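K.L.:
Below, each chain spelled out in residue letters.
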Amino acid sequence: MNFIEKLCASYGPLGNEEAVRDIIADELENVCDSIVTDVIGNLICNKQGSGKKIMIMCHTDEPALMVTHIEKDGFLRCAPVGGFTLKNQINRRVLTDNGTAGIVSVKKELEGEPVWGEVFIDIGAADDKEAAKKVDVGSLFTAQSAFLKTGKIISSKALSSRLGCFALCEAVKRAESENDLYFVFASQSEAGSRGAFCAAARINPDIILGVGACRADDVPGEDGKIKLGGGPVISLMDKSLVSSENITKLLYEILSGKSYQTYIGKESCSDAGAAALSGTGASAGAVLIPVRYKGSDTEAASYDDVLQTADLIKAFTERA
Amino acid sequence: MLSELTALSGVSGDTGEVRRYIEKRLKCPYEVDSKGNIIAYKKGKSSSKRLMAVAHMDEVGLIVSKITKDGYLEFKCVGGIDERVLVSKPVKFKNSLYGVVGLKAVHLQSEEERNAPPRLSDLVIDIGAKDAKEAEKHVRIGDTAAFIGDYKKMGENRFTAKALDDRVGCECLLRLLEKDYEYDFYGVFSDCEEIGGIGAKCAAEKIAPDAALVLEGTTCSDTRGTSEKDFVTRLGGGACIPVIDRSMIADRSMTSLLKRCAVENGIKWQYKKTTAGGTDGGVIHLSAGGIKCAVLALPVRYIHSPHSVADKRDLEAYYLLAEKFTERAGEIL
Chain Y
1 MNFIEKLCAS
11 YGPLGNEEAV
21 RDIIADELEN
31 VCDSIVTDVI
41 GNLICNKQGS
51 GKKIMIMCHT
61 DEPALMVTHI
71 EKDGFLRCAP
81 VGGFTLKNQI
91 NRRVLTDNGT
101 AGIVSVKKEL
111 EGEPVWGEVF
121 IDIGAADDKE
131 AAKKVDVGSL
141 FTAQSAFLKT
151 GKIISSKALS
161 SRLGCFALCE
171 AVKRAESEND
181 LYFVFASQSE
191 AGSRGAFCAA
201 ARINPDIILG
211 VGACRADDVP
221 GEDGKIKLGG
231 GPVISLMDKS
241 LVSSENITKL
251 LYEILSGKSY
261 QTYIGKESCS
271 DAGAAALSGT
281 GASAGAVLIP
291 VRYKGSDTEA
301 ASYDDVLQTA
311 DLIKAFTERA
Chain Z
1001 MLSELTALSG
1011 VSGDTGEVRR
1021 YIEKRLKCPY
1031 EVDSKGNIIA
1041 YKKGKSSSKR
1051 LMAVAHMDEV
1061 GLIVSKITKD
1071 GYLEFKCVGG
1081 IDERVLVSKP
1091 VKFKNSLYGV
1101 VGLKAVHLQS
1111 EEERNAPPRL
1121 SDLVIDIGAK
1131 DAKEAEKHVR
1141 IGDTAAFIGD
1151 YKKMGENRFT
1161 AKALDDRVGC
1171 ECLLRLLEKD
1181 YEYDFYGVFS
1191 DCEEIGGIGA
1201 KCAAEKIAPD
1211 AALVLEGTTC
1221 SDTRGTSEKD
1231 FVTRLGGGAC
1241 IPVIDRSMIA
1251 DRSMTSLLKR
1261 CAVENGIKWQ
1271 YKKTTAGGTD
1281 GGVIHLSAGG
1291 IKCAVLALPV
1301 RYIHSPHSVA
1311 DKRDLEAYYL
1321 LAEKFTERAG
1331 EIL
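Sequence order for the protein chains is Y and Z. So in the numbering used here, the last spot in the first sequence is 320, and the numbers never skip. So in the numbering used here, the last spot in the second sequence is 1333, and the numbers never skip.
Since the hints were made in silico from the structure, they are not lab data. Fair warning: there could be bad hints in the mix.
As the list claims (entries may be wrong) - Here are the computed distance ranges between Cβ atoms for each label pair:
(1) Z:Glu-1113 - Y:Asp-223: 42 to 52 angstroms
(2) Y:Asn-30 - Z:Gly-1080: 43 to 53 angstroms
(3) Z:Gly-1196 - Y:Met-237: 25 to 35 angstroms
(4) Y:Lys-249 - Z:Glu-1112: 36 to 46 angstroms
To be verified - Some, not all, of what chain Z presents toward chain Y, calculated at C-beta under 7 angstroms:
(5) Ile-1249
(6) Lys-1273
(7) Thr-1274
None of these values were measured; they are calculated from a predicted model. Just so you know, even glycine gets a beta-carbon here, dropped at the ideal spot from N, CA and C.
Taking the hints into account, I'd like the entire structure generated from these sequences.
P.N.:
Rendered as structure tokens:
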């Protein structure tokens, strides 16, 4: 399995991202001056320098379903943690940390739209005793889907977090900069950028660059403003951040003559906004990777966009 | 004593009465900070690490928003209150002024009004004043009114009172502060938990502990007409250890130490079986660059109402588990 597939396949519900952290820490072991995991679960990799303190971050976590109750007949009741959309989850496969697989479903005859209270997970247990051997209240299930490569797209669960991790790792390996670089693989983004907020408080950077994902709408019946294969996306405004002018100006300069896109919207795309609220304040901006079917377990993206994003991050570390 | 603590009024931001009571009972050094938190301090055998335990003094209640010409008080809720619990309930202002929440008489209500839950705008506090002039002698806009709900035993093992959330935490923390510890121990009695945790946030930034334990009262909905999957907790099921709620993912080293302490000491415990709800932990664990944090809670029926109900066996389990955990907290610091 190559690195990007390994990242996508790894189990990393919010608050339990250690499997993802381990893969990244292994990959970057020999290219950083220090790698630490902090209290909230961020992996922070530092490449020391005498210049500006720059924090570049992506997030490692994916949404999950928490087991809230085990029924007598062995079915599990659950509640979403992070951004799972219910309609994307019915009749999907999920997996927990000890390898227990399950199917998320609801009864056939539902009146109106399903609600979480009616959802159950079937792990094939005969009764509550058998189920309790495999899971407990608090167990976290994440989406399970095989990595797919078809034509010009790649598809997997958790792409919108792990593609950022991949691009950031590629940039870390190649970055040669005078600046003091902190690469943050942030935890608990799905819960509202909690990891990024804490990391920025610890690092107190001069400059923040978020690496995230935005929804590509180049599908039948939609506008196609953000396209797969259209290159990295410069975020000018998202739900929590209007990017600093000096950051976007530099991103435009680096991308001059290359293909790129811009995003202005109100969706949550990167953790940069939360990080910018922390510490004593920093210039902040974000670059986004276009992702189709965002929030589903069959998210799709263009590998070329990811590689170009890595190039952009590398250049940013050197020219910021 | 819990019965004394629950008799005190302490709507968020107006917790002086509770604070003065706690100050009287404290035997260790403490300070009151600018947010109205009490920060009590027990020096440990070693000062290389710090544990913080937090209980909130404030409770949900009402705040006067307008005095009407005819002497009634319009109000808003402070913290989350189901408006249906308010009708015909007595309330108390700080100057001992007594009031009753009033609603239009049932025979005057339209069918639509009778069939719908009362809206806040339909309710007023009646303080017996004949007009605005008389009312203004006793009350100002911004004054808070607390529920009245006397502490009473119920059945063999249960009891009722208002503000069990979170005077049970305050009583528990007062007991913890009577003991000595291996590492420095900070006991924070916080204000404003019910409106977002401003008090706890400031205390956490100031103390920047290595770990924080939040002592709480939590939802229990094991009542008639509710299916078991929606109970959240069960009265008599023991002290409650939440895993994930809306505000925080509890630190696993701490929840696992809580569980170990329970199992090894034969203390009954239960999970909180929902991801809803929030505590001071939400702001604490994001303070000072990230703080390890977990919650220990007492299951409370009819929480945020004038008459909540809890089980004294759960309460004993809760006190004991808090004590065993803080004794062994060195393992996770």
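K.L.:
The structure should be examined with respect to each hint, and the outcome stated for every one.
P.N.:
Status of the hints after comparison with the structure:
1. Z:Glu-1113 - Y:Asp-223: 42 to 52 angstroms: Holds - the Cβ-Cβ distance for Glu-1113 of chain Z and Asp-223 of chain Y, about 47 angstroms, lies within 42 to 52 angstroms.
2. Y:Asn-30 - Z:Gly-1080: 43 to 53 angstroms: Since the Cβ atoms of Asn-30 of chain Y and Gly-1080 of chain Z sit about 52 angstroms apart, the hinted range of 43 to 53 angstroms holds.
3. Z:Gly-1196 - Y:Met-237: 25 to 35 angstroms: The hint (25 to 35 angstroms, Cβ to Cβ) holds, given that Gly-1196 of chain Z and Met-237 of chain Y are roughly 26 angstroms apart.
4. Y:Lys-249 - Z:Glu-1112: 36 to 46 angstroms: Violated, since Lys-249 of chain Y and Glu-1112 of chain Z (Cβ atoms, about 59 angstroms apart) do not stay within the stated range.
5. Ile-1249: Holds, about 3 angstroms.
6. Lys-1273: Because about 5 angstroms separates Lys-1273 of chain Z from the closest Cβ in chain Y, which is inside the 7 angstroms limit, the hint holds.
7. Thr-1274: Since chain Y brings a Cβ to about 6 angstroms from Thr-1274 of chain Z, closer than 7 angstroms, the hint holds.
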